[in-house]
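**Student:** Using the sequences and the hints given, assemble the complete structure.
Number of protein chains: 6
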Amino acid sequence: MPKPIEYADASPQVRAVYDDIKQSRGVPDVNNFWKYLAHDPATLKRTWESIKEIMAPGALDPLTKEMIYLAVSVTNGCGYCIASHTAAARKAGMSEAMFAEVMAVTGMANETNRLANGYRVPIDPMFQD
Amino acid sequence: MPKPIEYADASPQVRAVYDDIKQSRGVPDVNNFWKYLAHDPATLKRTWESIKEIMAPGALDPLTKEMIYLAVSVTNGCGYCIASHTAAARKAGMSEAMFAEVMAVTGMANETNRLANGYRVPIDPMFQD
Amino acid sequence: MPKPIEYADASPQVRAVYDDIKQSRGVPDVNNFWKYLAHDPATLKRTWESIKEIMAPGALDPLTKEMIYLAVSVTNGCGYCIASHTAAARKAGMSEAMFAEVMAVTGMANETNRLANGYRVPIDPMFQD
Amino acid sequence: MPKPIEYADASPQVRAVYDDIKQSRGVPDVNNFWKYLAHDPATLKRTWESIKEIMAPGALDPLTKEMIYLAVSVTNGCGYCIASHTAAARKAGMSEAMFAEVMAVTGMANETNRLANGYRVPIDPMFQD
Amino acid sequence: MPKPIEYADASPQVRAVYDDIKQSRGVPDVNNFWKYLAHDPATLKRTWESIKEIMAPGALDPLTKEMIYLAVSVTNGCGYCIASHTAAARKAGMSEAMFAEVMAVTGMANETNRLANGYRVPIDPMFQD
Amino acid sequence: MPKPIEYADASPQVRAVYDDIKQSRGVPDVNNFWKYLAHDPATLKRTWESIKEIMAPGALDPLTKEMIYLAVSVTNGCGYCIASHTAAARKAGMSEAMFAEVMAVTGMANETNRLANGYRVPIDPMFQD
Numbered sequence: 001m002p003k004p005i006e007y008a009d010a011s012p013q014v015r016a017v018y019d020d021i022k023q024s025r026g027v028p029d030v031n032n033f034w035k036y037l038a039h040d041p042a043t044l045k046r047t048w049e050s051i052k053e054i055m056a057p058g059a060l061d062p063l064t065k066e067m068i069y070l071a072v073s074v075t076n077g078c079g080y081c082i083a084s085h086t087a088a089a090r091k092a093g094m095s096e097a098m099f100a101e102v103m104a105v106t107g108m109a110n111e112t113n114r115l116a117n118g119y120r121v122p123i124d125p126m127f128q129d
Numbered sequence: 001m002p003k004p005i006e007y008a009d010a011s012p013q014v015r016a017v018y019d020d021i022k023q024s025r026g027v028p029d030v031n032n033f034w035k036y037l038a039h040d041p042a043t044l045k046r047t048w049e050s051i052k053e054i055m056a057p058g059a060l061d062p063l064t065k066e067m068i069y070l071a072v073s074v075t076n077g078c079g080y081c082i083a084s085h086t087a088a089a090r091k092a093g094m095s096e097a098m099f100a101e102v103m104a105v106t107g108m109a110n111e112t113n114r115l116a117n118g119y120r121v122p123i124d125p126m127f128q129d
Numbered sequence: 001m002p003k004p005i006e007y008a009d010a011s012p013q014v015r016a017v018y019d020d021i022k023q024s025r026g027v028p029d030v031n032n033f034w035k036y037l038a039h040d041p042a043t044l045k046r047t048w049e050s051i052k053e054i055m056a057p058g059a060l061d062p063l064t065k066e067m068i069y070l071a072v073s074v075t076n077g078c079g080y081c082i083a084s085h086t087a088a089a090r091k092a093g094m095s096e097a098m099f100a101e102v103m104a105v106t107g108m109a110n111e112t113n114r115l116a117n118g119y120r121v122p123i124d125p126m127f128q129d
Numbered sequence: 001m002p003k004p005i006e007y008a009d010a011s012p013q014v015r016a017v018y019d020d021i022k023q024s025r026g027v028p029d030v031n032n033f034w035k036y037l038a039h040d041p042a043t044l045k046r047t048w049e050s051i052k053e054i055m056a057p058g059a060l061d062p063l064t065k066e067m068i069y070l071a072v073s074v075t076n077g078c079g080y081c082i083a084s085h086t087a088a089a090r091k092a093g094m095s096e097a098m099f100a101e102v103m104a105v106t107g108m109a110n111e112t113n114r115l116a117n118g119y120r121v122p123i124d125p126m127f128q129d
Numbered sequence: 001m002p003k004p005i006e007y008a009d010a011s012p013q014v015r016a017v018y019d020d021i022k023q024s025r026g027v028p029d030v031n032n033f034w035k036y037l038a039h040d041p042a043t044l045k046r047t048w049e050s051i052k053e054i055m056a057p058g059a060l061d062p063l064t065k066e067m068i069y070l071a072v073s074v075t076n077g078c079g080y081c082i083a084s085h086t087a088a089a090r091k092a093g094m095s096e097a098m099f100a101e102v103m104a105v106t107g108m109a110n111e112t113n114r115l116a117n118g119y120r121v122p123i124d125p126m127f128q129d
Numbered sequence: 001m002p003k004p005i006e007y008a009d010a011s012p013q014v015r016a017v018y019d020d021i022k023q024s025r026g027v028p029d030v031n032n033f034w035k036y037l038a039h040d041p042a043t044l045k046r047t048w049e050s051i052k053e054i055m056a057p058g059a060l061d062p063l064t065k066e067m068i069y070l071a072v073s074v075t076n077g078c079g080y081c082i083a084s085h086t087a088a089a090r091k092a093g094m095s096e097a098m099f100a101e102v103m104a105v106t107g108m109a110n111e112t113n114r115l116a117n118g119y120r121v122p123i124d125p126m127f128q129d
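Chains as they are written, first to last, in full-length UniProt numbering: chain A, 1 to 129; chain B, 1 to 129; chain C, 1 to 129; chain D, 1 to 129; chain E, 1 to 129; chain F, 1 to 129.
Since the hints were derived computationally from the structure, they do not count as laboratory data.
Among the clues, some could well be false.
All copies of an identical chain are treated as equivalent in the list; a pair is satisfied when it fits inside any one copy or across any two copies.
[To be verified] Okay, derived cross-link-like pairs now, DMTMM-like style, lysine to aspartate or glutamate, Cα gap no bigger than 20 Å in a straight line:
#	residue 1	residue 2
1	Lys3	Asp124
2	Lys52	Asp29
3	Lys3	Asp29
4	Lys52	Asp19
5	Lys52	Asp20
6	Lys22	Asp124
7	Lys91	Asp20
**Tutor:** Rendered as structure tokens:
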């Protein structure tokens, strides 16, 4: 089973990514996800650069993006992702009431997705536009 | 295969739900999802009342909720749901740029969910709080 | 894209499976699923024999098994499977009211699965037994 | 991370739901799922009322409904849900032999769902009815 | 909760499957998956015979098959399956670099699957052949 | 609903990506996936560069990578992805026999993933290494 790669044991290429994560997020150390991806420096670098670009403020604010990330992780049942993105969303300003509403919407969407599948509902012409 | 139940053919109980949907949303007719659920008046009523309660403005605004709904539907690959909730999110104010960012975050979350699964990343103690 | 293999064009090995399906189910022809699997005679044979064994009356009756099959297909969003197993369940005796309840339970299970994931609910000791 | 809300610490609104669950199920205490949902009293109430309505005897008996619920939870890989609904199905009368058949059908459905996807099997006209 | 059935406690029918697994794989004991399936001897036998047939060298070598098995298990988030098939793939010759590429491809496929869903991309005529 | 962006109507930034795709793959035009992603030039560029890097020959050959991509797409039920990656895998050398084995392994993995979930099989110590 893979083991996490700590900063002290990391290659210069990996350390450069760790340094950028720590500086961008203002954290003293990177979390386990990055320490495991470090076994594949190319994926570590590509994933971090993609996340940094995607999660930056744009047409959507960082909090909204983190709550969408959480909703997807909850739908997929990814334990690590639920834990880390719940923390990230809280850090970005998600209150307990907001968390509760993300869960309510995510649960309802998963329910109605199946009702639409089972009843084989055809797409309304107005939704084709 | 079920057929949609139009207002003219609906029972008083079903018509009451259709009327509430049309009034609440300011639309002339309900979309197919409701016309198929109408085969089960209890589920039609329960589902509409739950959605009306969950999607109402609260700690999150309706647009944010619709974008979360869309992200879940895209993750599940529910064609009808993607079409109807993309339309609903647009109606609630989602711009093309916002749609593109919802897709980018949804795609990235689905990717990193699998990287976390495959590398069997243990949850950091700080995410347990 | 694969094309269906009709009886007239099938090998003796494939025809033997088609004949068994037609006889077991009392149908004049096999449905498309088998005509496509026929491109791989080993998988065709293994899949048919497994289904015949699994779906036979046992501790559960065939109707209950078909409704479980349908619930899984709806959860996975498999269009072909939803269509074919809705038909199979109806043939086995599923009424409109029973179909509606299968959908309601399937939808609710998909909702609560996500609420349990999102709230990270630990398993109660009594459920470990 | 959320903590369970025990009866002694619950608001009157939450206690009312706990009391109804305990009375309806004849149990001395509610399981963790409800103690976590209690962080969102509206979702706690709505979810319990929906489950009570959906899982009540109707065209399908409670045991059949619990086995469908279990099949969906197994398909989604929801650990908590698998544990709690296996227990609920056993309490409703599921024998070891019935459990084994639910698993066999669930596994087979997940396999054939993918074979149908991969071979891109078109829906037979007879399944469109 | 089911308990594993050890060789010493197994029926002759179950022992025969255990013996075949041990001999085929050259292992001193079978892993937990089989010891739990043993509660249902018919499923134990059918599953083992199917896996033995499917995973045998054919048009694809055993290593390629194990990596595909791992990619599916990672996509489904099945913890046991990820652990056992990572070990099986390593035993079949998967290097750390190969594991890293399986993860990168699996992650990317899960991302682009959602982008294709969300943008509702129609299938190009050339892919219909 | 988004429309595809053809080369003639594309911005210089989008054309540069289209040109690189056409040159890298030796095709006269890009497929629909790219023409839809072009609505978000940043995602178009990032996705193409990631795919080009991930799918390049490495520890795994391009054919093996395409078959893994197909197995994931089949598991997720992404119609567009199944069609495009079946074509890509064929172009990379996948024979009918190889396709059949990818399907057989993918189907079996989806089945055993659920059996492992349902029987709640604990991970063997030897798989923790």
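**Student:** I want to check one pair: Lys91 and Asp20. Are their C-alpha atoms no more than 20 Å apart within a copy, between two copies, both, or neither?
**Tutor:** within (19 Å within a copy, 36 Å between copies)
**Student:** Pop the pair Lys3 and Asp29 into one bin, within, between, both or neither, using alpha-carbon distances up to 20 Å.
**Tutor:** within (16 Å within a copy, 27 Å between copies)
**Student:** Regarding Lys52 and Asp20, is the shortest C-alpha distance of 20 Å or less found within a copy, between copies, in both, or in neither?
**Tutor:** within (10 Å within a copy, 24 Å between copies)
**Student:** At most 20 Å between CA atoms: does that hold for Lys52 and Asp29 within a copy, between copies, both, or neither?
**Tutor:** within (17 Å within a copy, 31 Å between copies)
**Student:** Classify it for me, Lys22 with Asp124: is the Cα-Cα distance of at most 20 Å met within a copy, between copies, both or neither?
**Tutor:** Result: close only across copies, 16 Å inter versus 48 Å intra.
**Student:** Is it within, between, both, or neither for Lys3 and Asp124, if the alpha carbons may be no more than 20 Å apart?
**Tutor:** between (51 Å within a copy, 13 Å between copies)
**Student:** What label fits Lys52 with Asp19 when the C-alpha limit is 20 Å: within, between, both, or neither?
**Tutor:** Within one copy only: 13 Å inside a chain, 26 Å across chains, cut-off 20 Å.
Comparing the model with each earlier hint shows no violations; every hint is respected.
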